[in-house]
Amino acid sequence: AQSVTQLDSHVSVSEGTPVLLRCNYSSSYSPSLFWYVQHPNKGLQLLLKYTSAATLVKGINGFEAEFKKSETSFHLTKPSAHMSDAAEYFCVVSDLGGGADGLTFGKGTHLIIQP
Amino acid sequence: EAGVAQSPRYKIIEKRQSVAFWCNPISGHATLYWYQQILGQGPKLLIQFQNNGVVDDSQLPKDRFSAERLKGVDSTLKIQPAKLEDSAVYLCASSFQGNGYTFGSGTRLTVV
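Protein sequence lines correspond, in order, to chains A and B.
All residue numbers for the first sequence refer to this note's numbering, where the first residue is 1 and numbers rise by one.
All residue numbers for the second sequence refer to this note's numbering, where the first residue is 1001 and numbers rise by one.
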């Protein structure tokens, strides 16, 4: 069984300051890990994904995440927040055991950017 | 490349009525998924198809929900009868051999 825990339901940062969104996962197999972003009334957009290659993954819009197996973490970071980053962020895990590779989503972190 | 198409975009029904949602995945994507996203929560997988076969429907409330993908292309998700707690956005996604998932814009269902 797989699961994801997003440690913060809301994160508020000032524009231009670093962003850290925390995620821990549990998986029975070698997982694939993703971060998705959802802007209000918009669809889900893939930010980045980890699939057992490099542990530091770079995504779109300046985001990156580091896979740490020993800590079962996959935190999302960005050096400098922009107002357009305000959205809901989901950490997602998928393990490929048995062919069922449906995504398991965390509950989401609402990112607020203060001007 | 055309995205995942879903219809309708919005639907309002009364409880105990039935409703159906349609999804057309990206051409060539053998795997199709239906997710339910209740307001304020992350999407939850309802069912996964590989071509026209069901791979995982462990979280599908089978007493009222059904889904089919008869020709291995487009898919229909049905709710009968609907309950108030079924109010949610229903998302369809497709993938090619697990290499990236593309989501549709979803159908927002309101049950009154």
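Keep in mind that a hint or two might mislead.
Cut-off 20 Å, straight-line C-alpha distance, at most; resulting in silico cross-link-like pairs (SDA-like, lysine to any residue) [said to hold, decoys possible]:
1) 49(A) with 1097(B)
2) 107(A) with 1002(B)
3) 49(A) with 39(A)
4) 1015(B) with 1073(B)
5) 1044(B) with 9(A)
6) 1044(B) with 58(A)
7) 1044(B) with 52(A)
8) 1044(B) with 24(A)
9) 1044(B) with 38(A)
10) 107(A) with 1097(B)
11) 42(A) with 1059(B)
12) 69(A) with 52(A)
13) 69(A) with 9(A)
14) 58(A) with 1100(B)
15) 49(A) with 1010(B)
16) 1044(B) with 46(A)
17) 1044(B) with 69(A)
18) 42(A) with 1100(B)
19) 107(A) with 1022(B)
20) 42(A) with 1063(B)
21) 49(A) with 1044(B)
22) 107(A) with 1087(B)
For each label pair, taking beta carbons as the anchor points, the in silico distance ranges come out as [unchecked claim]:
23) 1038(B) with 20(A): 39 to 45 Å
24) 70(A) with 1080(B): 20 to 26 Å
25) 1071(B) with 18(A): 47 to 53 Å
26) 1017(B) with 66(A): 33 to 39 Å
27) 1039(B) with 53(A): 43 to 49 Å
28) 1097(B) with 26(A): 46 to 52 Å
Hints in this document: simulated from the structure, not taken from any laboratory.
By construction, the Cβ of each residue, glycine as well, lies at the ideal position given by its N, Cα and C atoms.
The hints, checked one at a time:
1. 49(A) with 1097(B): holds (15 Å)
2. 107(A) with 1002(B): Roughly 29 Å separates the two Cα atoms, so the pair is violated.
3. 49(A) with 39(A): OK: residue 49(A) and residue 39(A) at ~19 Å, within 20 Å.
4. 1015(B) with 1073(B): violated (30 Å)
5. 1044(B) with 9(A): holds (17 Å)
6. 1044(B) with 58(A): Violated, at about 26 Å.
7. 1044(B) with 52(A): violated (24 Å)
8. 1044(B) with 24(A): holds (18 Å)
9. 1044(B) with 38(A): It holds: about 15 Å lies between the C-alpha atoms, which stays within 20 Å.
10. 107(A) with 1097(B): Distance of about 26 Å is beyond 20 Å: violated.
11. 42(A) with 1059(B): Status violated; Cα separation ~25 Å.
12. 69(A) with 52(A): holds (10 Å)
13. 69(A) with 9(A): Status violated; Cα separation ~23 Å.
14. 58(A) with 1100(B): OK: residue 58(A) and residue 1100(B) at ~15 Å, within 20 Å.
15. 49(A) with 1010(B): violated (30 Å)
16. 1044(B) with 46(A): holds (17 Å)
17. 1044(B) with 69(A): The hint is violated at about 25 Å.
18. 42(A) with 1100(B): Holds: residue 42(A) and residue 1100(B) sit about 19 Å apart, inside 20 Å.
19. 107(A) with 1022(B): violated (26 Å)
20. 42(A) with 1063(B): Cα-Cα ~31 Å, so violated.
21. 49(A) with 1044(B): Measuring from Cα to Cα gives roughly 19 Å; hence the hint holds.
22. 107(A) with 1087(B): holds (17 Å)
23. 1038(B) with 20(A): 39 to 45 Å: At roughly 27 Å between Cβ atoms, residue 20(A) and residue 1038(B) fall outside 39 to 45 Å, so the hint is violated.
24. 70(A) with 1080(B): 20 to 26 Å: With a Cβ separation near 48 Å, residue 70(A) and residue 1080(B) fall outside 20 to 26 Å, so the hint is violated.
25. 1071(B) with 18(A): 47 to 53 Å: Distance hint for residue 1071(B), residue 18(A) holds at roughly 49 Å.
26. 1017(B) with 66(A): 33 to 39 Å: Given a distance of about 48 Å, which is not inside 33 to 39 Å, the answer is violated.
27. 1039(B) with 53(A): 43 to 49 Å: violated (35 Å)
28. 1097(B) with 26(A): 46 to 52 Å: violated (25 Å)
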